[in-house]
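> One letter stands for each residue in the lines below.
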Amino acid sequence: MANEVEIVGLERRFGSFVAVNGISLEVKQGEVFGFIGPNGAGKSTTIRMLCGILPPTAGSGSVAGFDIRTQAERIKQHIGYMSQKFSLYDDLTVEENLTFFSGIYRIPSAVRKARMDWAVAMAGLEAHRSALTRTLAGGWKQRLALGCAVLHEPRIVFLDEPTAGVDPLSRRRFWDLIYDLAGRGVTVFVTTHYMDEAEYCDRIGLVYRGELIALGSPNELKTGVMREAVLEVACARPQDALEVAERCTSVREAALFGAGLHAVAADASRATAELRAALDAAGCTVSRIEPITPSLEDVFVSLIEAHDRAAADKEAAA
Amino acid sequence: MNLVRIHAIARKETLHVRRDMRSLLITFAIPVMLMLLYGYALSLDVNEVPLIVFDQNVTPASREFVSQFTGSRYFSRAGHAATLRDVERAIDRGTAMAGLVVPFNFERLVQEGQAAPVQLIIDGSDANRAIIARGYAQLAAATYAGRVMLDEVARAGIRPPEPPIDLRTRVWFNEDLASRNLIVPGLIAVVMTVIGALLTALSVAREWEQGTMEQLIATPVRRYELVLGKLAPYFVVGLCDLMLCVAMGSLVFHVPLRGSIPLLMAGSVVFLVGALGMGMLISIATRNVQLAVQTAMMVTYMPALILSGFFIAIPNMPLAIQWITRIVPARYFVTLLKCIYLKGLGLELLWPDAVLLVVFAAAVLLLAVRKFKKRLA
Chain A
1 MANEVEIVGL ERRFGSFVAV NGISLEVKQG EVFGFIGPNG AGKSTTIRML CGILPPTAGS
61 GSVAGFDIRT QAERIKQHIG YMSQKFSLYD DLTVEENLTF FSGIYRIPSA VRKARMDWAV
121 AMAGLEAHRS ALTRTLAGGW KQRLALGCAV LHEPRIVFLD EPTAGVDPLS RRRFWDLIYD
181 LAGRGVTVFV TTHYMDEAEY CDRIGLVYRG ELIALGSPNE LKTGVMREAV LEVACARPQD
241 ALEVAERCTS VREAALFGAG LHAVAADASR ATAELRAALD AAGCTVSRIE PITPSLEDVF
301 VSLIEAHDRA AADKEAAA
Chain B
1001 MNLVRIHAIA RKETLHVRRD MRSLLITFAI PVMLMLLYGY ALSLDVNEVP LIVFDQNVTP
1061 ASREFVSQFT GSRYFSRAGH AATLRDVERA IDRGTAMAGL VVPFNFERLV QEGQAAPVQL
1121 IIDGSDANRA IIARGYAQLA AATYAGRVML DEVARAGIRP PEPPIDLRTR VWFNEDLASR
1181 NLIVPGLIAV VMTVIGALLT ALSVAREWEQ GTMEQLIATP VRRYELVLGK LAPYFVVGLC
1241 DLMLCVAMGS LVFHVPLRGS IPLLMAGSVV FLVGALGMGM LISIATRNVQ LAVQTAMMVT
1301 YMPALILSGF FIAIPNMPLA IQWITRIVPA RYFVTLLKCI YLKGLGLELL WPDAVLLVVF
1361 AAAVLLLAVR KFKKRLA
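From first to last, the protein sequence lines are chains A and B.
Letter by letter, the first sequence follows residues 1 to 318 in my numbering.
Letter by letter, the second sequence follows residues 1001 to 1377 in my numbering.
Think of the hints as simulated: they come from the structure by calculation, not from any bench.
Model, not experiment: these values are computed from the prediction.
There could be a bad hint or two in this list.
[As the list claims (entries may be wrong)] Restraint-style ranges between C-beta atoms, simulated for each label pair:
hint	chain 1	residue 1	chain 2	residue 2	range
1	B	THR1014	A	ALA58	40 to 50 Å
2	B	MET1302	A	ALA318	51 to 61 Å
3	A	GLY65	B	VAL1359	36 to 46 Å
4	B	MET1302	A	ASP91	31 to 41 Å
5	A	PHE14	B	ASN1002	32 to 42 Å
6	A	HIS193	B	ILE1321	57 to 67 Å
7	B	VAL1269	A	LYS113	35 to 45 Å
8	B	ASN1002	A	ARG69	23 to 33 Å
9	B	MET1021	A	GLU73	31 to 41 Å
[Unchecked claim] Chain B is faced by these chain A residues, among others (derived, beta-carbon under 10 Å):
hint	residue
10	ARG12
11	GLY52
12	LEU54
13	ILE79
14	GLY80
15	THR99
16	SER102
17	LEU132
[What the hints assert, rightly or not] Beyond 10 Å from chain A on every Cβ pair, some chain B residues (computed):
hint	residue
18	ASN1002
19	ILE1026
20	ARG1089
21	LEU1120
22	ILE1121
23	PRO1160
24	GLN1210
25	GLN1215
26	PHE1235
27	HIS1254
28	ALA1266
29	MET1317
30	PRO1352
31	ALA1362
For every residue, glycine included, the Cβ atom is placed at its ideal position computed from N, Cα and C.
If we strip away everything but chain A, and leave its shape as in the complex, we get:
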């Protein structure tokens, strides 16, 4: 399979601030690639460089086979882009927004109507074609924006936090649309900071402070990246239990999770014994302790903390 996106050592500086620091990755055709990371990690900056609207300060890359430095305008013919901020025209109707983009993408008049009908149906906006976009609810706006971005049947779509601030049901529906696109062979490059959405992706890249700190399928990351075990602890009075768990020498870190705790430890059996004893002694009756497959959130938290520790060590050494 050909790589639709390929970047090597991509870097973008704004003055002395390094927004994207040497990111390299590949996205295959038809893949749903998730770009995950906290706000300000450099996700949008990366996506903008890939769309040819922000020149990189170093590194190289290609999208749809075209160089992001020298062939930006060629790239733009093959991609759909949905920017982070809702960016359709508020004072135009659904229909007028679609008409505008079908003109911009020069969709032949023979298929224009069919494409617009398809986009309206996809967004579920049949009853609102002549409604002003400003009056639409968030989820509908996002689906309309996606419709406008894929009207011209691009090979790759870049979606920058498409579900931010949208209700859970609409998020779910939006992801159905993403799968739909991928099913048609469209490559989807999507950024999010919702961990549950990361699970929906074929492959994910974790960015933190401008650096790519993990890359792989959700399963690979959950099983391969973490060397430590995660223990799920079900016990009484989890708030107090958290303090007790943090004092245990075999537990590297602990966090409240649901009605219990998640504890990360290098040696699962030693930690299980120590936790059970300490918690029972403190009066937080333990009903169950068992190792679990870490969630992506566990993986990311542990990776980010490891990254911060390494950075702190480097600073201390220097």
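Knowing the structure of chain A, use the given hints to seat chain B on it.
Below, chain B alone, put in the same frame as chain A:
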């Protein structure tokens, strides 16, 4: 040339204009306001200079002399003074601009054929008006003196001599010497400069601020398509503004339009494209609505008002400033309009101005396209 994309952009921009009725109304209110304001307020004619008279003689002769002033349309009576202090006070307070002091022995001196010393005091703080008022006064006094001399000669039974010079003045182009006839055509140029730039100043900057531009630059749209497409609807609005100004010139200010209307329209269309392009260029360069509007006002309104020759004659300016006026496009449009309106000139004489307007329009459009970057930073 891709008409599909230009059409798509023009259509979208038209919808913005139509959905924003308030702004559309403002684009018509501004020209009307400016036309009325400058058309009425900015008169360079000096009429009815308020004159206070201190007549110490009070005889038929002195009254006749005074009526030579107050009977004309150039002076109006601003009261009677009983003392010289009254004259001073009236000029200080500004109730009178000039004071006429007739000596107590005026009649006797005139009858004895001696020169009667009459004093005229003029408030010179407005030098221009003062100079014109002085001219009127000298004319009034000379007319009176001439008549007295002729009477004397006639009484002596001698045939009055012919005046050595018979100056026959004919005023061309503006027979009434009404400054309004000169101001209104120039005013149309100023209004079109300002409105042209203001119309487009928002168009690009607003899209950057609202974030819609980020979407647009990620599409294959070409820069010139964007600039031309955005220009189109404002061109139509600008044409309506132009018609409005021309109609007001004729119907409200009764300024004669002597030249060819097609030429007036053609010149205005070219200038309008340039003015709109200027606004677009500013909008593109600033990417910020507020800054764009302020810049547009700064670079169009002030130069058009002061450096275009609209009401301050360029030949009266210092040489350095005269050179600066050469880069003010409104200058050429002012010339064009004044000449078409008042002199009825055609392209055979106006072609240099017309060519410069075409160059200006082409240059700003080219600059706007070049300055527009499909990049965020």
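> All hints are to be evaluated individually against the structure, with a verdict given for each.
Here's how the hints hold up against the structure:
1. B:THR1014 to A:ALA58: 40 to 50 Å: Given a distance of about 43 Å, which is inside 40 to 50 Å, the answer is holds.
2. B:MET1302 to A:ALA318: 51 to 61 Å: 56 Å, holds
3. A:GLY65 to B:VAL1359: 36 to 46 Å: 43 Å, holds
4. B:MET1302 to A:ASP91: 31 to 41 Å: 33 Å, holds
5. A:PHE14 to B:ASN1002: 32 to 42 Å: 34 Å, holds
6. A:HIS193 to B:ILE1321: 57 to 67 Å: 60 Å, holds
7. B:VAL1269 to A:LYS113: 35 to 45 Å: 37 Å, holds
8. B:ASN1002 to A:ARG69: 23 to 33 Å: 25 Å, holds
9. B:MET1021 to A:GLU73: 31 to 41 Å: 37 Å, holds
10. ARG12: 9 Å, holds
11. GLY52: Cβ of A:GLY52 sits 7 Å from chain B, so the hint holds.
12. LEU54: Since the shortest Cβ distance to chain B is 5 Å, the answer is holds.
13. ILE79: Holds, because the Cβ-Cβ distance from A:ILE79 to chain B comes to roughly 7 Å (cut-off 10 Å).
14. GLY80: Hint on A:GLY80: holds, closest Cβ of chain B at ~8 Å, below 10 Å.
15. THR99: Holds, because the Cβ-Cβ distance from A:THR99 to chain B comes to roughly 7 Å (cut-off 10 Å).
16. SER102: Holds, about 8 Å.
17. LEU132: Where the cut-off is 10 Å and the nearest Cβ of chain B is about 8 Å from A:LEU132, the hint holds.
18. ASN1002: 7 Å, violated
19. ILE1026: 17 Å, holds
20. ARG1089: 63 Å, holds
21. LEU1120: With a cut-off of 10 Å, B:LEU1120 remains clear of chain A, as the shortest Cβ separation is near 66 Å.
22. ILE1121: At about 64 Å from chain A, B:ILE1121 clears the 10 Å cut-off, so the statement holds.
23. PRO1160: B:PRO1160 is indeed farther than 10 Å from all Cβ atoms of chain A, at 82 Å.
24. GLN1210: 7 Å, violated
25. GLN1215: 4 Å, violated
26. PHE1235: For B:PHE1235, whose nearest Cβ neighbour in chain A is about 19 Å away, the distance exceeds 10 Å, so it holds.
27. HIS1254: Its Cβ never comes within 10 Å of chain A, the nearest being 41 Å, so this holds.
28. ALA1266: 31 Å, holds
29. MET1317: 45 Å, holds
30. PRO1352: 40 Å, holds
31. ALA1362: 25 Å, holds
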